[in-house]
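A.B. asks: Given chain A, put chains B and C in place with the hints provided.
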Amino acid sequence: MVEVKSNGLIGQAVKRTEDLRFITGRGQYTDDMSRRQMVYAAMVRSPLAHARIRSVDTSAARAAPGVIAVYTGADMAADKIGGLPCGWAVKNKDGSAQAEPAHPAMQVERVRHVGDHVAVVIAETQAEARAAAELVNVDYEELPVVVDARAALAPGAPQVHAEAPNNLCFDWELGDASAVAAAFSKAAHIVKLDLRNNRLIPNAMEPRSCIGDFDSSTSENTLITASQNPHVIRLLLAAFVFGIPEHKFRVVAPDVGGGFGSKIYPYPEDVIVLWVARKIGRPVKWTATRSEAFLSDAQGRDHYSHVELALDKDANFLGLKVDTIANLGGYLSTFAPAVPTYLYGTLLAGCYRTPAIYVNVKGVFTHTAPVDAYRGAGRPEATFVVERIVEQAARQLKIDPAELRRRNFIPTDGFPYQTPVALTYDTGNYHATLASGLKLADYAGFAARKAEAAKRGKLRGIGISTYIEACGIAPSAVAGALGARAGLFEAATIRVNPTGSVTVLTGSHSHGQGHETTFAQVVADMLGIPMESVEIVHGDTGKIPFGMGTYGSRSLAVGGAAIVNATRKVIDKGRRIAAHLLEASAEDIEFTGGRYVVKGTDRAKAFGEVAFTAYVPHNFPHETEEPGLEESAFYDPKNFTYPAGCHVCELEIDPDTGVVEIVKFSASDDFGRIVNPMIVEGQVHGGLVQGIGQALLENCVYDESGQLLTGSYLDYCMPRADDVPSFQVMTECTPCTHNALGVKGCGEAGAIGSPPAVINAILDALSGLGVTDVPMPATPHVVWSAIRAAKGRQVA
Amino acid sequence: MHTFVYQRATSLADAVAVLKAKPDARPLAGGMTLLPTMKLGLAAPSDLIDLSAIGDLRGIRRNGDRVVIGAMTRHAEVAASAEVRAAIPALASLADGIGDAQVRNRGTLGGSVANSDPAADYPAAVLGLDANVLTDRRTIAADQFFLGMFATALDAGELIRAVEFRVPKRAGYAKFPNPASRYAMVGVLVADYGGSVRVAVTGAGACAFRVPTLEAALGKQFSAAAIEGIEVSASELNTDLHGSAEYRAHLVGVMARRAVAAALG
Amino acid sequence: MAIPMDLQVNGQAVHLEVEPETLLVDALRNALQLTGTHVGCDTSQCGACTVHVDGKSVKSCTMLAVQAAGTAITTIEGLGSPGALHPMQAAFRQHHALQCGFCTPGMIMSAVDLLARNPNPSEAEVRAGLEGNICRCTGYHNIVAAVLDCAKVMNSAPSREKAHG
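Chains as they are written, first to last, in numbering that gives the first Met the number 0: chain A, 0 to 795; chain B, 0 to 264; chain C, 0 to 164.
So here's chain A without its partners, still in its complex pose (with noise of 0.2 Å):
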């Protein structure tokens, strides 16, 4: 692998291209948009959490004014609508199959969550769909319901699904148990906790949206999503659900208000728009309300973990053992197999040289909303349980966590370091990022503003967090192996254009991530051309060949993988034409700045007057080339990126209130390398403020009956401006091994190495009251509670 060097773009924090529409309100997204002709979808959505569905009774709401149709499950059903599919199947450890109930779009005979579809009202305008979905009415048959992921596997529990027996999807392992045993039979010292993954719901600051088309004088069926991922929803749509051509379904995904893992999944209502776009032939848009979002997008986490470390005499850690119980709501959404085991069971390494590791997770079904990928997707929970573990250790064995770490870090050298939950990381230096973090947040003299933190009446605290995550999940081989129904490479098309300028298609998907920048910085530089001669296209299957969308922190580095080897590609095709021109060999030609040089001489063609020549063959070598100047690449990466960093949280607690007051967060964090450091950090930023949510705010409930408790901001707590403080970021680099930019991934980064940071500065700080656990989010009331609790056992 050829390394891609700097030619002065690649790590310049450039502005961003795409700013200036956003600035300006000239975004596009997609209920920004309208279509000629266009109706309205409104969703009938079940209040109960588990029902069975008598009937559907529509005629008040046909009569309704504005109202064009309604329909039901039925009606779906009776079109040979399918199912949506699931897109990664686990194995149980027994090797049998995962359960795989159905999830058609709209229920016929029972409803699984509050929320789930049940019919759908078209109308000339938002507001008559809207009224007139009040007026369906539906007989429902309440039912028991579980929400609880423990509770579901209980003996007698409600059932979510028949094919589901127990409420059981999978009961997945990984690891060694034997050599785990044998590890803890000789430990000096074992450390057990039990933790909880608190559910979130990704509230992108976009509700969903989506147009669904169909011209029947062309059979074109067109769908605009706010989608992270439209090549993957037009495949499975048009395979599974419609059984439909590709090449006459057309999805784009415009300008996307953030997705966080939300929007990489085809949902109910895409299949809906389009199937009624079908039946009535005029497009139909449906824009979520925040409340819809709150009940139907998917949510994350939801974890029960009990966790146990054994660590020698000198505390080498020597084996790791975890149960998790992991809720995946009322349907299987598209990845949510993957997320609590190959995303989480292969991360439970940590950046340690841990020699045993077990893991068993079961998969459950319960009467919530579907649970999926978020931020993180499985790092984050992997990271929580091996971070806390670790500093629970530490505190029991009275040793500084900072050295706990250090003395069982995987050692510098010893890269490729092979885990035993089969991950090979290729690269790393943990002591680096530690030993860097630790300063930038002045370790060192923690003790000092701890005491004149007291003198003010606040209980300050400081914790660490090393994580490591993987990125950009590869390769396909190996993936389908372990159950991805998909593969997982990317690809891109550069197309030069006559006179020098340059489109770019990638199948990577931008929903703020600012790949119309970072994309346009390599490609320019690589080219020697300016960045405003760059234009990425991204986000519509009618335009970019193939693409696997934007998850995983996987854009750069397998979208910009694959946009480097097209783009050498260009350059390659461009020295056979450029040797013509010059008359010289092609191994005599480099490429430098801009242009192709007869080595040792001042002989030279621009970028441009190659590819003008390649669109104006007049002189030109046809016998070995065609013209043109247009490239492609599909890449598929050998390995997962590994980023990992330190995490430092300092924060002070009121007593008397329980609030807890973050007064400095430090992150050093190794991506590899780094092509736009400004967006870097901004995604640091970003993934921390979801971390600190985590740990401090959100918390997604439901009660007993399955009704979600947290359904609007009002309840629902989003991190704000005034509840984070600024951050201090910084960044040291191993390269990735086995792409060409030697970059790793940075989007989620903040999110999984941040919650134990923020726990354990919590725990830091009460250690002194005998307090010695806080569950998330750990908010005023909860910190309060656990201070008193721990006095009342003092004082008994």
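The hints are simulated quantities; they were obtained by calculation from the structure and are not laboratory data. Please note that a few of the clues may not be correct.
[What the hints assert, rightly or not] Simulated restraints on C-beta separations:
#1 A/242 - B/148: 51 to 57 Å
#2 C/115 - A/53: 55 to 61 Å
#3 A/702 - B/209: 52 to 58 Å
#4 B/85 - A/702: 35 to 41 Å
#5 B/205 - C/14: 43 to 49 Å
#6 A/142 - B/152: 42 to 48 Å
#7 B/16 - A/702: 42 to 48 Å
#8 B/205 - A/143: 31 to 37 Å
#9 B/260 - A/447: 26 to 32 Å
Computed from a prediction, not measured in an experiment: that's the story for all the values here. Even glycine gets a Cβ: it sits at the ideal position worked out from N, Cα and C.
C.D. replies: Just chains B and C, lined up with the frame of chain A:
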């Protein structure tokens, strides 16, 4: 949102007449509670009587030992008012902490007080600052005004003209916001009238209420230390996702001490 | 029953006929095609729909269109244009204070109003002043930096139009 008839009243009498004639009509002040409620389908009035064009419902003036604030005065106007800042800085500070900047630009004193939302800030000020609520037909003392959750002494169709707050020797307001909504989980206004002290709490119960034990202790000695250790009963206080009744009871004490500290500046 | 009304939007006189229940944000987005003002929630919390009504920031999802009769409204489209950015728009780009861009118009409108009220805010005042606007992407760090820097820029250029574009 269901449709309704929209009318812009030009005088208080005009508005009262319409409200009398139409039992399902509702007055529209700032709309910061009513409009979200209507959007969610939780209210569907036949008519909305917009009060914003009634000029004499706005404005702030000092009248002897009272500060009189028109019902349609926006929170931001109260927060920025030199009159209020000079006479009762705690009231300006309270208004400056209601909702967020956008809400303060629209929300009104009268709308908030008439609504008696258990988590609103203004009821603590009305009760703590010994206010009179002046309506189109009478004057209601604060102690008689708040009757329960979203319940006040206002008759159907009765409109607030203004609220007159009694200027204290000193006062302070401390609020513990609900982390998600930012409404008051507990807000305590403490006002020292020289010998007699009023302590009014919002957010913790069904509606704003006074705490006689704290008032008595502060009446003897106006200091945070004077109420240290006085337990507030948790019975009848609210419990929700964000805090138990016990937590709220505890916070009443903490916020009362902070309000006293703020009053002592 | 549609109600006729006159108002100013982005400096231009506009005549609209709106249903009483039409929200200001829907009138802007649908009738006037000013889609830069976004809807991010239905409980008046997120601030994505923030516009200026007579120079003050308002959540246009919590105001009836008819209530805006006779007012002057500024939306993000009227604050500045790609060729003539308002200093706050420029500061957002300079400081990478936006990612997906969805909350950005409302955030910018709030930030402009914030500086109009308090031309020289501290970091804490900026953070508190933006509590009515939720951003899920940026972690606020760069938004705060942009607003603080914009304050400096606007204070050092006193002749510039400061308040509301």
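A.B. asks: Next, verify each hint and record whether it holds.
C.D. replies: Status of the hints after comparison with the structure:
Checked against the given bound of 51 to 57 Å, the beta carbons of residue 242 of chain A and residue 148 of chain B, roughly 55 Å apart, stay inside it. Between residue 115 of chain C and residue 53 of chain A the beta carbons are some 58 Å apart, a value that agrees with the proposed interval 55 to 61 Å. Here the CB-CB span from residue 702 of chain A to residue 209 of chain B is close to 33 Å, at odds with the stated 52 to 58 Å. In this structure, residue 85 of chain B and residue 702 of chain A break the distance hint of 35 to 41 Å, their C-beta atoms being roughly 49 Å apart.
At about 47 Å, the beta-carbon gap between residue 205 of chain B and residue 14 of chain C stays in the expected band of 43 to 49 Å. Take residue 142 of chain A and residue 152 of chain B: their Cβ atoms lie about 46 Å apart, and the range 42 to 48 Å holds. For residue 16 of chain B and residue 702 of chain A, the hinted distance range of 42 to 48 Å is satisfied, since their beta carbons lie about 45 Å from each other. About 33 Å separates the C-beta atoms of residue 205 of chain B and residue 143 of chain A, a value consistent with the hinted range of 31 to 37 Å.
The supplied range of 26 to 32 Å is met by residue 260 of chain B and residue 447 of chain A, whose beta-carbon atoms lie about 27 Å from each other.
Violated hints, in rising order: 3, 4; the structure is consistent with all others.
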